[in-house]
Amino acid sequence: MSYIKQSPWLVHYDGSSCNGCDIEVLACLTPLYDVERFGIVNTGNPKHADIFLVTGGVNTQNLPVVKQIYEQIPEPKVVIAVGTCACSGGVFHDCYNMLGGMDKAIPVDVYVPGCAARPESIIDGVVKGLAVLEEKQKALAIPLSEKHALREMELDPGVAVNKSQEAGK
Amino acid sequence: MSDMVCNIVSGIVYLILAPVIGGLLAGIDRKISARMQRRVGPPIMQPFYDFFKLRDKQPVAVNKAQRFYIRGFLLFAILSGFFFFAHGDLLLVIFTLTIASVCFVIAAYASNSPYSQVGAERELAQTMAYEPMMLLVALGFYLHCGTFDAKEIVQSPAMNFIYMPGIFIGLCYILLIKFRKSPFDLSMSHEVHQELIQGALTEISGPTLAMIELAHWYENVLLLGFVYLFFTWAPAWSPVLGIAMCAFTYFSDILVDNCCSRVKWEHMLSSAWVVTLAAGFANVAFLMYMR
Amino acid sequence: MCLPGLLIGVPLLAALLVFCIRSGGARNFITIIAAVATMALSVATAATYLGQPAFISLPGEMPSTVIMAVDIIVALAIFYYTMVKFKRCWIGLLELLQLAMILWFEHGAGHGIKVAADLAIDNFAVIMVLIAGIIGSLIAIFSNGYMEEFQKEHPDVEDRRPFFFFVIFLFLSAMFGLVLSNNLLFMYTFWEITSFCSFLLIGYTQTEEAINNSFKALWMNLLGGVAFAAAIVWLGMQYQTVELSALLKLGQGAKPVEMIVALLAFCGFTKAAMMPFSGWLLGAMVAPTPTSALLHSSTMVKAGVFLIIKLCPLLGANHAGMMTMFVGGITFFFASCAAISQSDGKRVLAYSTISNLGLIVLCAGIGSYAAAWTAVMLVIFHAISKSLMFLSVGTAEQQLESRNIESFDGMFCALPNLAKCMIVGICGMFLAPFGMLISKWAAMKSVADAGNPVLLLLLAFGSATTLFYWTKWLGKIAAYVPAEENREPGIHGVQWLALKTLSALTILSCVAFPLLSRYGVTPYVSAIYNTTADVISRSNLLIMSVMAVLIVLLPLGFSAGQKQKMVVTNLAGENTGDNLSYRGVAGQTVQVSLRNWYLEDWFGETKMQRYGFGLSLLCMILAFAMMGGGVFHV
Numbered sequence: 001m002s003y004i005k006q007s008p009w010l011v012h013y014d015g016s017s018c019n020g021c022d023i024e025v026l027a028c029l030t031p032l033y034d035v036e037r038f039g040i041v042n043t044g045n046p047k048h049a050d051i052f053l054v055t056g057g058v059n060t061q062n063l064p065v066v067k068q069i070y071e072q073i074p075e076p077k078v079v080i081a082v083g084t085c086a087c088s089g090g091v092f093h094d095c096y097n098m099l100g101g102m103d104k105a106i107p108v109d110v111y112v113p114g115c116a117a118r119p120e121s122i123i124d125g126v127v128k129g130l131a132v133l134e135e136k137q138k139a140l141a142i143p144l145s146e147k148h149a150l151r152e153m154e155l156d157p158g159v160a161v162n163k164s165q166e167a168g169k
Numbered sequence: 001m002s003d004m005v006c007n008i009v010s011g012i013v014y015l016i017l018a019p020v021i022g023g024l025l026a027g028i029d030r031k032i033s034a035r036m037q038r039r040v041g042p043p044i045m046q047p048f049y050d051f052f053k054l055r056d057k058q059p060v061a062v063n064k065a066q067r068f069y070i071r072g073f074l075l076f077a078i079l080s081g082f083f084f085f086a087h088g089d090l091l092l093v094i095f096t097l098t099i100a101s102v103c104f105v106i107a108a109y110a111s112n113s114p115y116s117q118v119g120a121e122r123e124l125a126q127t128m129a130y131e132p133m134m135l136l137v138a139l140g141f142y143l144h145c146g147t148f149d150a151k152e153i154v155q156s157p158a159m160n161f162i163y164m165p166g167i168f169i170g171l172c173y174i175l176l177i178k179f180r181k182s183p184f185d186l187s188m189s190h191e192v193h194q195e196l197i198q199g200a201l202t203e204i205s206g207p208t209l210a211m212i213e214l215a216h217w218y219e220n221v222l223l224l225g226f227v228y229l230f231f232t233w234a235p236a237w238s239p240v241l242g243i244a245m246c247a248f249t250y251f252s253d254i255l256v257d258n259c260c261s262r263v264k265w266e267h268m269l270s271s272a273w274v275v276t277l278a279a280g281f282a283n284v285a286f287l288m289y290m291r
Numbered sequence: 001m002c003l004p005g006l007l008i009g010v011p012l013l014a015a016l017l018v019f020c021i022r023s024g025g026a027r028n029f030i031t032i033i034a035a036v037a038t039m040a041l042s043v044a045t046a047a048t049y050l051g052q053p054a055f056i057s058l059p060g061e062m063p064s065t066v067i068m069a070v071d072i073i074v075a076l077a078i079f080y081y082t083m084v085k086f087k088r089c090w091i092g093l094l095e096l097l098q099l100a101m102i103l104w105f106e107h108g109a110g111h112g113i114k115v116a117a118d119l120a121i122d123n124f125a126v127i128m129v130l131i132a133g134i135i136g137s138l139i140a141i142f143s144n145g146y147m148e149e150f151q152k153e154h155p156d157v158e159d160r161r162p163f164f165f166f167v168i169f170l171f172l173s174a175m176f177g178l179v180l181s182n183n184l185l186f187m188y189t190f191w192e193i194t195s196f197c198s199f200l201l202i203g204y205t206q207t208e209e210a211i212n213n214s215f216k217a218l219w220m221n222l223l224g225g226v227a228f229a230a231a232i233v234w235l236g237m238q239y240q241t242v243e244l245s246a247l248l249k250l251g252q253g254a255k256p257v258e259m260i261v262a263l264l265a266f267c268g269f270t271k272a273a274m275m276p277f278s279g280w281l282l283g284a285m286v287a288p289t290p291t292s293a294l295l296h297s298s299t300m301v302k303a304g305v306f307l308i309i310k311l312c313p314l315l316g317a318n319h320a321g322m323m324t325m326f327v328g329g330i331t332f333f334f335a336s337c338a339a340i341s342q343s344d345g346k347r348v349l350a351y352s353t354i355s356n357l358g359l360i361v362l363c364a365g366i367g368s369y370a371a372a373w374t375a376v377m378l379v380i381f382h383a384i385s386k387s388l389m390f391l392s393v394g395t396a397e398q399q400l401e402s403r404n405i406e407s408f409d410g411m412f413c414a415l416p417n418l419a420k421c422m423i424v425g426i427c428g429m430f431l432a433p434f435g436m437l438i439s440k441w442a443a444m445k446s447v448a449d450a451g452n453p454v455l456l457l458l459l460a461f462g463s464a465t466t467l468f469y470w471t472k473w474l475g476k477i478a479a480y481v482p483a484e485e486n487r488e489p490g491i492h493g494v495q496w497l498a499l500k501t502l503s504a505l506t507i508l509s510c511v512a513f514p515l516l517s518r519y520g521v522t523p524y525v526s527a528i529y530n531t532t533a534d535v536i537s538r539s540n541l542l543i544m545s546v547m548a549v550l551i552v553l554l555p556l557g558f559s560a561g562q563k564q565k566m567v568v569t570n571l572a573g574e575n576t577g578d579n580l581s582y583r584g585v586a587g588q589t590v591q592v593s594l595r596n597w598y599l600e601d602w603f604g605e606t607k608m609q610r611y612g613f614g615l616s617l618l619c620m621i622l623a624f625a626m627m628g629g630g631v632f633h634v
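Chains F, S and W supply the protein sequences, listed in that same order. Each residue of the first sequence is one higher than the last, beginning at 1 in our numbering. Each residue of the second sequence is one higher than the last, beginning at 1 in our numbering. Each residue of the third sequence is one higher than the last, beginning at 1 in our numbering.
What the hints contain is simulated information worked out from the structure, not anything from laboratory work. There could be a bad hint or two in this list.
[Claimed, not checked] In silico DSSO-like links for lysine-lysine, alpha-carbon gap of 27 Å or less:
id, chain 1, residue 1, chain 2, residue 2
1, F, 67, W, 565
2, S, 64, W, 565
3, W, 216, W, 114
4, W, 420, S, 64
5, W, 565, F, 138
[Said to hold, decoys possible] Listed next, with one range per pair, are the computed distances between beta-carbon atoms:
id, chain 1, residue 1, chain 2, residue 2, range
6, F, 141, W, 417, 38 to 44 Å
7, W, 2, S, 291, 47 to 53 Å
8, S, 243, W, 584, 38 to 44 Å
9, W, 66, S, 274, 56 to 62 Å
10, S, 291, W, 417, 49 to 55 Å
[To be verified] Residues of chain S clear of chain W, computed beta-carbon distances all greater than 12 Å:
id, residue
11, 15
12, 35
13, 39
14, 45
15, 118
16, 128
17, 158
18, 182
19, 189
20, 235
21, 238
22, 239
23, 245
24, 248
We treat Cβ as the ideally placed atom computed from N, Cα and C, and that holds for glycine.
Starting from the given sequences, assemble the full structure and let the hints guide the process.
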């Protein structure tokens with residue numbers, strides 16, 4: 001049985017947002033929304049996280065940082081881009097230093113649009129992310145021989161999902 | 001011989017039950033804290049979900065040494081509890097627990113990351129703050145009951161608490177540090193991340209982190225065992241009181257946790273030592289006078 | 001009979017040989033042969049006398065004449081150094097005072113005193129012989145390689161190695177003499193020789209600092225010598241004896257010997273570097289490492305506690321005992337606090353030595369059966385672990401060009417084997433199941449039984465501060481910092497020999513703790529107290545042994561388990577990939593450097609010294625004043 005759906009810990013990173021979405025992310029922790037009832041913990045530490053929740057787009061300055069954080073999160077992991085900027089670059093998309101949405105830096109699993117994204121939709125996005133997370137977990141749980149091979153490859157999330165689907169067939 | 005078998009059996013019961021109780025306590029803690037903050041909070045079983053999830057995560061580390069020290073932490077935390085419940089010598093229990101905390105601190109140092117090092121130093125300051133009181137607890141029981149043996153202590157003719165209120169107050173104070181509750185959650189906690197990421201735990205993840213959770217569950221049950229010793233004596237019904245007092249102590253710690261903000265390490269160290277000096281010393285002097 | 005003679009004679013002969021032979025190769029050869037011979041002799045002594053205490057009387061006038069002559073020679077040498085060469089006359093006056101006392105006594109009242117046994121070999125003496133013989137010899141062997149490097153690294157220091165080895169062996173010889181003496185006049189002479197040798201060793205480099213520190217050691221130890229001489233004269237005049245065993249009998253027979261015991265204990269304080277006399281031991285750090293190792297672990301300071309432990313049955317709930325336990329307790333606590341604020345490895349070790357000696361003195365002061373047992377145990381374990389620590393810090397200093405603990409990070413990568421030795425040493429100093437901790441366990445029990453809440457507090461707090469400074473050092477070594485190169489090839493073979501033997505001894509002595517207690521310490525303590533008891537129950541000792549084995553076996557599973565993916569650490573910006581630097585907010589590269597906590601405001605050295613010195617001085621003054629009052633009333 002997979003417990004990952006019941007205990008998703010997330011790390012929140014602010015790329016280059018206007019802080020609007022960040023305020024909404026924090027709102028999710030308040031008694032009104034209380035995401036902890038789903039077992040969600042805002043850890044602030046990539047090494048403990050399952051979900052990488054990013055707000056804001058990616059620019060030349062934060063590109064290596066985003067990549068490093070992503071690298072530090074152990075498998076299985078999902079990336080949730082929160083807010084229009086994280087999805088596509090938003091109003092900043094044609095700034096001189098912008099590269100665009102988060103998917104320009106790392107593979108994004110769930111897009112949560114909105115400027116700013118509302119807490120309800122953020123929570124909805126996270127819950128959608130959980131389904132992806134479980135799928136990836138299953139991919140990791142495929143037979144031992146293949147599992148080792150996969151671990152060695154340092155597992156690209158896309159590959160993992162495909163493999164799991166193949167295994168499902 | 002049957003005595004020894006009995007001891008070992010109760011030790012083994014601890015090995016099996018402690019993680020269940022410890023995990024449940026952690027779950028209850030999170031639930032009560034959430035209710036105190038007018039939230040729904042996670043399910044009671046949440047710590048177990050976390051534990052099993054962490055166990056299944058990909059093992060990630062910053063060096064090979066880390067996991068080795070954490071294993072030491074888990075091993076000695078379990079061992080010290082085993083000694084306690086198998087009615088070993090209280091000082092032996094405390095010394096074994098000390099090895100466990102040293103292992104934990106070394107694991108944090110080993111990663112050589114600034115956050116975990118600050119966590120390690122704070123953890124060490126915490127250890128320095130509570131260690132004298134821990135020793136006085138054991139020595140207090142020795143002075144009062146004439147033995148370090150937990151089995152004889154729970155059979156004493158009168159309630160130990162009556163003779164050792166100061167030592168009990170001191171123990172309650174350092175339990176806040178040991179349980180890593182505010183105002184003393186300096187070295188690591190989920191709330192500390194604004195300043196330290198996760199302090200001593202920063203570089204530890206996945207299955208290794210799961211080991212730490214497990215070790216803490218074992219450790220917490222052991223610490224509540226010390227509270228139990230104060231309130232259990234000859235009558236057959238007194239274990240009920242003992243367990244009730246354990247629950248009460250744990251609840252009070254949760255309450256304090258939710259009422260306080262984190263203090264600086266200086267305040268922690270000075271206040272813990274002052275409490276040890278005042279409550280512990282007065283009580284020890286009294287017990288020595290009584291002997 | 002001939003074994004004790006050989007034990008004193010062989011190192012003496014070696015000392016003369018290395019002094020006369022100037023060729024380096026031959027000297028190395030002689031040192032190693034002599035060290036091995038000394039080691040073998042000490043083991044032989046142990047095999048002969050362990051469990052079979054013996055009193056030996058030396059026939060004729062010869063021995064006491066020789067001893068007298070040696071006294072005068074040492075005094076002359078001290079006069080030469082203090083009055084002629086360095087012009088510190090007042091220190092010479094201390095020597096003059098005690099020499100006058102001894103000579104006056106010897107030719108007056110003391111002349112007719114019959115001595116029943118000049119030498120006494122009991123289990124404790126055997127243990128001390130083993131400590132000095134094995135550890136001292138290992139240090140001599142280590143010095144061979146170390147001093148060669150030392151002279152290469154310090155071209156400005158005059159190469160006086162023949163002299164160095166001469167003093168080392170002379171020291172060992174005197175140490176054997178000291179622990180085997182029962183005649184206090186003999187012991188006094190050997191005591192003076194060790195004081196003088198330590199003076200010579202500390203001043204080896206002849207820098208101004210070294211000379212100042214060596215004189216500091218000299219005057220403090222001579223002050224102790226004066227007390228020793230006074231005690232002998234007092235004992236001789238009042239009870240017509242100069243034997244230690246007779247003194248013990250008198251005391252146990254309820255004769256008022258308190259003042260004599262207190263004087264001897266005071267003399268032990270100076271040599272064991274109790275506060276306020278801890279200064280000389282810290283000053284001894286200027287000498288090359290083998291000197292500090294020798295002074296701190298197996299010989300000099302151990303002579304001080306040896307005397308106090310011998311007096312154990314006479315201490316306890318009397319003025320002398322109270323003074324001893326409080327001076328010990330205060331030193332234990334304040335020295336361990338001061339160690340927190342130090343970053344120089346050798347200074348931390350020095351404070352730790354002072355603090356542990358304080359613990360030993362505290363136990364000896366309590367004077368109960370269990371406390372005496374604990375004190376002897378502490379002596380053994382402290383000697384082994386501390387010598388290991390000194391030698392490894394010295395070696396690290398040579399390889400890393402610094403003995404600051406802050407520069408030890410990355411040691412695990414640059415000097416992996418040395419780091420392991422050091423870890424064993426540190427664990428041996430404070431962690432269960434190693435001997436020091438088991439002994440501390442017993443110490444707590446004895447203090448609780450002694451019924452003194454203040455001492456109990458000092459012990460509890462001192463244990464916590466001890467934990468702090470050792471763990472942060474341990475953390476520094478364990479920190480995994482990638483290093484450019486392995487520097488271990490620079491370490492001499494003989495150095496490894498000493499380091500590895502001591503590491504093995506540290507571990508073995510823990511595993512063998514129950515045996516050590518049963519065949520070594522318990523018989524001695526039982527004999528002087530006429531009772532026998534288990535200080536720590538057999539089952540607990542067994543648990544500790546098993547744990548020791550467990551700790552040794554644990555590293556075998558070091559890399560067992562799932563394969564782990566290696567990632568970079570969290571730094572305050574983007575990690576550049578080597579965990580040593582990161583890119584900050586402005587795109588600049590910032591080097592990471594991590595520093596330990598020293599809590600200077602809390603545990604600053606001067607502050608701790610002020611409190612420690614003041615309090616223990618107060619204890620001594622009070623005790624002597626009270627005893628003085630008592631004595632003169634009667």
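Going down the list of hints, with the structure as the test:
A threshold of 27 Å between alpha carbons decides the hint, and for residue 67/F with residue 565/W the separation of about 16 Å falls inside it, so the pair holds. For the proposed pair residue 64/S and residue 565/W, the alpha carbon gap of about 10 Å is at most 27 Å, so the pair holds. Between the alpha carbons of residue 216/W and residue 114/W the distance comes to roughly 37 Å, so the proposed pair goes past 27 Å and is violated. Only pairs whose Cα atoms come within 27 Å are accepted, and residue 420/W paired with residue 64/S is accepted, the gap being roughly 16 Å.
Under the criterion of a C-alpha separation no larger than 27 Å, the hint pairing residue 565/W with residue 138/F is consistent with the structure, at around 19 Å. Checked against the given bound of 38 to 44 Å, the beta carbons of residue 141/F and residue 417/W, roughly 42 Å apart, stay inside it. Distance hint for residue 2/W and residue 291/S: a CB-CB separation of about 52 Å, consistent with the stated range 47 to 53 Å. Taking the beta carbon of each, residue 243/S and residue 584/W are about 53 Å apart, not inside 38 to 44 Å as hinted.
Against the hinted window of 56 to 62 Å, the Cβ-Cβ separation of residue 66/W and residue 274/S comes to about 60 Å, which satisfies the hint. Between residue 291/S and residue 417/W the beta carbons are some 51 Å apart, a value that agrees with the proposed interval 49 to 55 Å. Residue placement check: residue 15/S keeps its beta carbon more than 12 Å from all beta carbons of chain W (closest about 16 Å). Look at residue 35/S: its CB is around 33 Å from the nearest CB on chain W, clear of 12 Å, so calling it non-interface holds up.
No beta-carbon of chain W is positioned within 12 Å of the beta-carbon of residue 39/S; the least distance is around 29 Å. For residue 45/S, the shortest C-beta to C-beta distance to chain W comes to about 26 Å, beyond the 12 Å cut-off, and the non-interface label holds. At roughly 9 Å, the least C-beta separation between residue 118/S and chain W is not larger than 12 Å, which violates its mark as non-interface. A beta-carbon of chain W is positioned within 12 Å of the beta-carbon of residue 128/S; the least distance is around 4 Å.
Once the 12 Å rule is applied to beta carbons, residue 158/S is consistent with being away from chain W; the minimum gap is 20 Å. Look at residue 182/S: its CB is around 22 Å from the nearest CB on chain W, clear of 12 Å, so calling it non-interface holds up. Here residue 189/S stays apart from chain W, with its beta-carbon at least about 17 Å from theirs, past the 12 Å limit. Separation of residue 235/S from chain W is adequate, the least Cβ-Cβ distance of about 28 Å exceeding the 12 Å criterion.
At the 12 Å boundary, the C-beta of residue 238/S stays outside the reach of chain W, the nearest C-beta of that chain being 26 Å off. For residue 239/S, the requirement that its beta carbon stay farther than 12 Å from each beta carbon of chain W is met, with the minimum near 26 Å. Annotated as non-interface, residue 245/S keeps its C-beta farther than 12 Å from every C-beta of chain W; the closest such distance is 24 Å. Listed as a non-interface residue, residue 248/S keeps its Cβ farther than 12 Å from every Cβ of chain W; the least gap is roughly 27 Å.
The structure does not agree with the numbered hints 3, 8, 15, 16 stated previously, though it agrees with the rest.
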